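J.: Sequence:
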Amino acid sequence: MAARKTVKKPNVSSEELQQIYHDMLMIRRFEEKAGQLYGMGLIGGFCHLYIGQEAVVVGLEAACQDGDKRVTSYRDHGHMLACGMNPKGVMAELTGREGGYSKGKGGSMHMFSKEKHFYGGHGIVGAQVPIGAGLALADKYLENGRVTFTYFGDGAANQGQIYETFNMAALWQLPVIFVIENNQYAMGTAQKRSTSTPELYTRGAAFGIPGDAVDGMDVLKVKSAGTKAVMHCRAGKGPYILEVKTYRYRGHSMSDPAKYRTREEVQKMREERDPIEQVKGILLTGKHASDDDLKSIDKDIKDLINAAAEFAKESSEPGVSELWTDIYAE
0 MAARKTVKKP
10 NVSSEELQQI
20 YHDMLMIRRF
30 EEKAGQLYGM
40 GLIGGFCHLY
50 IGQEAVVVGL
60 EAACQDGDKR
70 VTSYRDHGHM
80 LACGMNPKGV
90 MAELTGREGG
100 YSKGKGGSMH
110 MFSKEKHFYG
120 GHGIVGAQVP
130 IGAGLALADK
140 YLENGRVTFT
150 YFGDGAANQG
160 QIYETFNMAA
170 LWQLPVIFVI
180 ENNQYAMGTA
190 QKRSTSTPEL
200 YTRGAAFGIP
210 GDAVDGMDVL
220 KVKSAGTKAV
230 MHCRAGKGPY
240 ILEVKTYRYR
250 GHSMSDPAKY
260 RTREEVQKMR
270 EERDPIEQVK
280 GILLTGKHAS
290 DDDLKSIDKD
300 IKDLINAAAE
310 FAKESSEPGV
320 SELWTDIYAE
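The opening position of the sequence shown corresponds to residue 0 in numbering that gives the first Met the number 0, with each subsequent residue numbered one higher.
Hint data in this document are derived by calculation from the structure and do not stem from the laboratory.
Small disclaimer: the values here were computed from a predicted structure and weren't measured.
There's no promise every hint is true.
What the hints assert, rightly or not - For lysine-lysine, the following DSS-like pairs were computed, each having C-alpha atoms within a straight-line distance of at most 30 Å:
1. K115 with K139
2. K236 with K267
3. K102 with K236
4. K115 with K227
5. K220 with K236
6. K32 with K227
Hey, can you work out the whole structure from these sequences and the hints?
T.: Shown next as structure tokens:
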């Protein structure tokens, strides 16, 4: 007699589980639409899609409180949507329109929202990490109990400014979580070919910074690890390193054919490890939602993303006078 398969019971309510599914699917549909617009020539420059990595930001945002901050690199659309930024404003920025979050001047890699405590995507590899420590320093000075999530990738983990920041963050006991989004390939080089340390989170040991690794394709595990890291920081124990092992399905950017890995490898991840399909399975198997419920969520998201694309197309381009604005703080 075959053993009965155990059903994974999530440590979240049905409502939260549905919200997690909604947020991850919204990022997936947004990025798919962005890829279409790029192919149509409506998005210029570079465009780095987040497809496959949705569980990272959605899981960590589930561990946040109002007022917590986040800063990241150029693969940033998912982070914006996860923290509550409006898809219309994000899509308009991608297409270089004045209805965008940076009035069309930042494009895919350089958006910003002080209202949502999102302190930008940054195009220079690793440059956002010292900025994240600076945000955490301000919060420590203000004694407001806030935590900053500072995201960077496995490729950036080899940059020197990362370790300067680790040293300062440990020295000053800053409430910052260094999130390494390890999607295994940096720009196109596998981690095992570029990094001497198999486990990136252990690189904080020399500075006395604790850390952990977590399966970044499982959103509930990410949330749990994020909650632990947040509690460490809020308790005044200083920084924490969280290596989230994830996987991107697309190339490094839209111009990358990704010939450094096989189609079979990508397909295997899609079929066996997809973060959205995992949550969908939990919802259906645990009777937290019906198939019709999930179809309704998908339809609402598609309508939302299509509306964002139309808003972007209809929004005008910024005027020449905008070249001289937002250069200096007033």
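J.: Each hint: holds or not?
T.: Structure-based check of all given hints:
1. Restraint check for K115 and K139: satisfied, since their Cα atoms lie roughly 19 Å apart, inside the 30 Å limit.
2. Our distance criterion of 30 Å between C-alpha atoms is broken by K236 and K267, whose separation comes to about 40 Å.
3. Simply put, K102 and K236 have alpha-carbon atoms about 39 Å apart, too far for the 30 Å limit, and the pair is violated.
4. Our distance criterion of 30 Å between C-alpha atoms is met by K115 and K227, whose separation comes to about 23 Å.
5. The hinted pair formed by K220 and K236 meets the criterion: a straight-line CA distance of about 22 Å does not exceed 30 Å.
6. For a cut-off of 30 Å, the pair hint linking K32 to K227 is broken: about 34 Å separates their Cα positions.
Hint check: violations occur at hints 2, 3, 6; the rest are consistent with the structure.
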